[in-house]
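K.L.:
Listed here are the chains, written in short residue letters.
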Amino acid sequence: AAGVIQSPRHLIKEKRETATLKCYPIPRHDTVYWYQQGPGQDPQFLISFYEKMQSDKGSIPDRFSAQQFSDYHSELNMSSLELGDSALYFCASSSQGARLNEQYFGPGTRLTVT
Amino acid sequence: DAKTTQPNSMESNEEEPVHLPCNHSTISGTDYIHWYRQLPSQGPEYVIHGLTSNVNNRMASLAIAEDRKSSTLILHRATLRDAAVYYCILRVYNNAGNMLTFGGGTRLMVKP
Numbered sequence: 807a808a809g810v811i812q813s814p815r816h817l818i819k820e821k822r823e824t825a826t827l828k829c830y831p832i833p834r835h836d837t838v839y840w841y842q843q844g845p846g847q848d849p850q851f852l853i854s855f856y857e858k859m860q861s862d863k864g865s866i867p868d869r870f871s872a873q874q875f876s877d878y879h880s881e882l883n884m885s886s887l888e889l890g891d892s893a894l895y896f897c898a899s900s901s902q903g904a905r906l907n908e909q910y911f912g913p914g915t916r917l918t919v920t
Numbered sequence: 041d042a043k044t045t046q047p048n049s050m051e052s053n054e055e056e057p058v059h060l061p062c063n064h065s066t067i068s069g070t071d072y073i074h075w076y077r078q079l080p081s082q083g084p085e086y087v088i089h090g091l092t093s094n095v096n097n098r099m100a101s102l103a104i105a106e107d108r109k110s111s112t113l114i115l116h117r118a119t120l121r122d123a124a125v126y127y128c129i130l131r132v133y134n135n136a137g138n139m140l141t142f143g144g145g146t147r148l149m150v151k152p
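So the protein lines, in turn, are chains A and B. Each step along the first sequence adds one to the number in my numbering, with nothing skipped, and position 3 is 809. Each step along the second sequence adds one to the number in my numbering, with nothing skipped, and position 58 is 98.
If you're looking for bench data, these hints aren't it; they were derived computationally from the structure. We put the beta carbon where it would ideally sit given N, CA and C, even for glycine. One thing to keep in mind: the hints can contain errors.
Stated by the list, open to error - For each label pair, taking beta carbons as the anchor points, the in silico distance ranges come out as:
#1 Lys109/B <-> Pro867/A: 31 to 39 angstroms
#2 Met149/B <-> Ser876/A: 41 to 49 angstroms
#3 Leu120/B <-> Ser892/A: 25 to 33 angstroms
#4 Leu120/B <-> Gln847/A: 21 to 29 angstroms
#5 Lys821/A <-> Lys109/B: 43 to 51 angstroms
#6 Gln82/B <-> Glu823/A: 26 to 34 angstroms
#7 Glu55/B <-> Ser885/A: 48 to 56 angstroms
Start from the sequences, fold in the hints, and give me the full structure.
P.N.:
As structure tokens, this is what we get:
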């Protein structure tokens with residue numbers, strides 16, 4: 807079965823640079839979530855989209871923005887990168903048609919800011 | 041928001057049952073109990089969920105106390121592959137996508 811695809815899997819950037827992470831949800835899933843997991847920490851919710859509209863917002867810095875496109879893929883744009891942005895970034899998708907919106911997670915993008 | 045409390049870590053022997061407890065004394069009537077787990081270097085994955093009745097699936101069983109203030113995730117025969125952090129999460133069912141709030145999971149270690 808198709809899973810959530812994230813690209814790139816690894817990314818190294820320098821401070822103050824920008825980064826774009828991409829997420830391709832499971833086919834026919836209409837909701838995308840972004841989570842950030844720092845070293846030794848639990849995943850923290852950043853933002854989510856349903857049918858291309860932002861649906862929930864968590865602890866996402868103002869330097870970050872995201873959107874969901876017409877084909878339901880999503881991109882997380884990160885600017886003015888800081889050392890503290892080094893983390894695993896997970897994308898998850900779900901279908902509103904599924905009764906309890908189980909979320910399916912991708913393998914993550916490991917971002918290292920030097 | 042209703043909170044959950046889980047032990048920081050637990051140990052189990054391979055091929056033995058494991059009971060992972062979760063306390064949620066402030067749970068509301070509309071909260072579903074979800075369990076996710078995160079294997080090392082992987083994204084979280086859904087395990088099971090329930091509302092009031094005990095639930096079984098191919099991965100695990102979920103036993104829910106009658107007053108719903110606690111629940112237990114049961115792995116019937118632990119394998120090395122079950123070593124992971126297990127999160128007990130309360131979620132309200134609605135039609136809008138809602139986030140998962142991860143916090144204070146149980147790190148399960150499985151010994152061969």
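K.L.:
Would you mind marking each hint as holding or not holding in the structure?
P.N.:
Hints versus structure:
1. Lys109/B <-> Pro867/A: 31 to 39 angstroms: Cβ of Lys109/B to Cβ of Pro867/A: about 36 angstroms, so the range 31 to 39 angstroms holds.
2. Met149/B <-> Ser876/A: 41 to 49 angstroms: Roughly 45 angstroms apart at Cβ, these two residues keep to the hinted range, so it holds.
3. Leu120/B <-> Ser892/A: 25 to 33 angstroms: With Cβ atoms ~30 angstroms apart, the hint holds.
4. Leu120/B <-> Gln847/A: 21 to 29 angstroms: Given range 21 to 29 angstroms: holds, Cβ gap about 25 angstroms.
5. Lys821/A <-> Lys109/B: 43 to 51 angstroms: 47 angstroms, holds
6. Gln82/B <-> Glu823/A: 26 to 34 angstroms: Given range 26 to 34 angstroms: holds, Cβ gap about 27 angstroms.
7. Glu55/B <-> Ser885/A: 48 to 56 angstroms: 50 angstroms, holds
Checked against the numbered hints above, the structure violates none of them.
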